[in-house]
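Peer 1: The lines below spell out each chain.
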Amino acid sequence: MENIVAEISRLKKSFGRNDVLKDINLKIEKGKNLVVCGKSGSGKSVLIKCLVGLIEPDDGKIILFGKNISDLNDDELNLLRKKIGFLFQSAALYDSMTVRENLEFPLRDVKLKSKDEIDTLVLEALKNVGLENAIDKMPSELSGGMRKRVGLARALILKPEIILYDEPTTGLDPITSKEISQLILDVQKKYNTASIIITHDVGCARITANRMIIIKDGASVTEGTFKELSESKDKWVNSFFK
Amino acid sequence: MSIDLKISGEVELVKVNEPSENQYLKRVKDFFEDVTKLTRFTFRFFKEVVKPRYEFNEFFKQSYLIGYKSFPLVAITGFIMGLVLTIQSRPTLVDFGAESWLPAMVAVSIVREIGPVITALIFAGKVGSGIGAELASMKVTEQIDAMEVSGMNPFKYIVVTRVLSATLMLPVLVVAADAIALYGAYIGVNLKGDVNVHLFFLQVFEKLSFSDVFPAIIKTFFFGFAVGLIGCYKGYNSNNGTEGVGKSANAAVVIGSLAVFIIDMIAVQITSLFI
Ligand SMILES: Nc1ncnc2c1ncn2[C@@H]1O[C@H](COP(=O)(O)OP(=O)(O)OP(=O)(O)O)[C@@H](O)[C@H]1O
Ligand SMILES: [Mg+2]
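Sequence order for the protein chains is A and B.
For the first sequence, numbering that gives the first Met the number 0 assigns the number 0 to the initial residue and increments by one for each residue that follows.
For the second sequence, numbering that gives the first Met the number 0 assigns the number 0 to the initial residue and increments by one for each residue that follows.
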């Protein structure tokens, strides 16, 4: 299909004797959000790190924008990565840089951007997450939730074609969670991005999911829309929605 | 209400024994694995250092942090080094009736050996541990991963700049430390005696030749390179969470200092071939 921007098939990864992922298959389509659920430690973070080549899988195929990432050299992979936004579970802000510098960092290689343009982009990205006042703070001066939101702003700043969110609303209050979920939806609509959203937050899943996938024992067991899965007869699947 | 308390899982008693033969073998294997990885890391450095793009801003920032910020520490140790060495050497020279040789002798030992080595050790303690801890915590908190996914080359941005800064800043610090140490020696000489500055430095530079200064400065580039590279290697390849941060900092200092001595030994052999 034309619309598929990323595809993972038969993905396998173990750490020593710990078989984390055994058989993961998924596709993300342009303009669609895929929510991934699974118990803590089931390998969700490992999954998206494999997708961008941060972790090398033991087996399986990963296709990004029609290219098998195991065939690419470093420079080619880096070019693809510029089209991907990644929100880390831990936010992963650069400690030695201010919030502004954190957001400017992904823009370094983008040519033809004047200082003014960059400033506008940074400010706009921070406004989206409600943090324009924190622009000159250091990451160590921010709360956990604020860091997460700065991380989100940084992931979105290049208007990437694929965005990978690792638990975007964890650690946020219900109101901010809802705003962030809404933001994810807005970004998707506005820029027609494809995303993977890892979340345990039912509210977030309800708002953002076009499709959902649940990982159990290292395999992607169930797939469907939010409605299908939340009404599932399977007790185990159902327990995610309680 | 009764509380049902159940202890699940078995407690394994681990015997603390002498490491068995197998463990020794494993340590040897680990050591060689480490050496292989460090060699690959070094080759990667040389590959990336010549390839554009060049991270000048980060390089200057690191040079400021690594060089300028280490200056006070290096200056104080340099001064004390010169002063103490002079005071300690005087009685022996007096015994030989060669007190007038004091400035020259102290100068030669400072410039040839003590200045470079002591400064490099201090540098390994301050800069090596700093780099090791910083990079390890960047690794643990996924900052290095974050750079990588943003399509950057973290090796270039983080490692290359720091190793280069360390390589170029240590020689500068050593020259400064030598100069301050000579001033310390001047004060040391004047504690018991009266030699004016002019005469002191005349005596110093009469005995200090190019062949004392040049090899001593050259080897400090290698010291700086080793300290920077080992700090980066230990930090960049850190794992095991926050515990790994301390371990990386520690290993950076220990191995960095050892490397300084080993390079010093080799340097002495090489110079003695030519001079
Ligand atoms: N670098 C690594 N080295 C060794 N084991 C790892 C590594 N990264 C992850 N693991 C293991 O992989 C498993 C899955 O980890 P992962 O972080 O993907 O879980 P998760 O599904 O994201 O959980 P959570 O919801 O708590 O974030 C865990 O058992 C973890 O111990
Ligand atoms: Mg996770």
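Misleading hints may appear alongside valid ones.
What the hints assert, rightly or not - Covered stretches of chain A, as calculated for chain B (at least 3 residues, CB under 8 Å): (1) 29-38; (2) 67-78.
As the list claims (entries may be wrong) - Capping the alpha-carbon separation at 30 Å, the derived lysine-lysine pairs in DSS-like fashion look like this: (3) 60/A to 36/B; (4) 36/B to 158/A; (5) 36/B to 81/A; (6) 126/A to 136/A; (7) 50/B to 82/A; (8) 50/B to 112/A; (9) 50/B to 136/A; (10) 191/B to 82/A; (11) 46/B to 81/A.
Stated by the list, open to error - One-sided and incomplete, this derived list gives chain A residues near chain B with beta-carbon spacing under 8 Å: (12) 94; (13) 115; (14) 235; (15) 239.
Calculated directly from the structure, the hints in this document are not laboratory data.
Backbone N, C-alpha and C fix where the C-beta goes; we use that ideal spot for every residue, glycine too.
Peer 1: Could you tell me which of the hints above the structure violates, numbers in ascending order?
Peer 2: Numbers 1, 4, 9, 10, 13, 14 and 15 - these are the hints that the structure violates, sorted from lowest upward.
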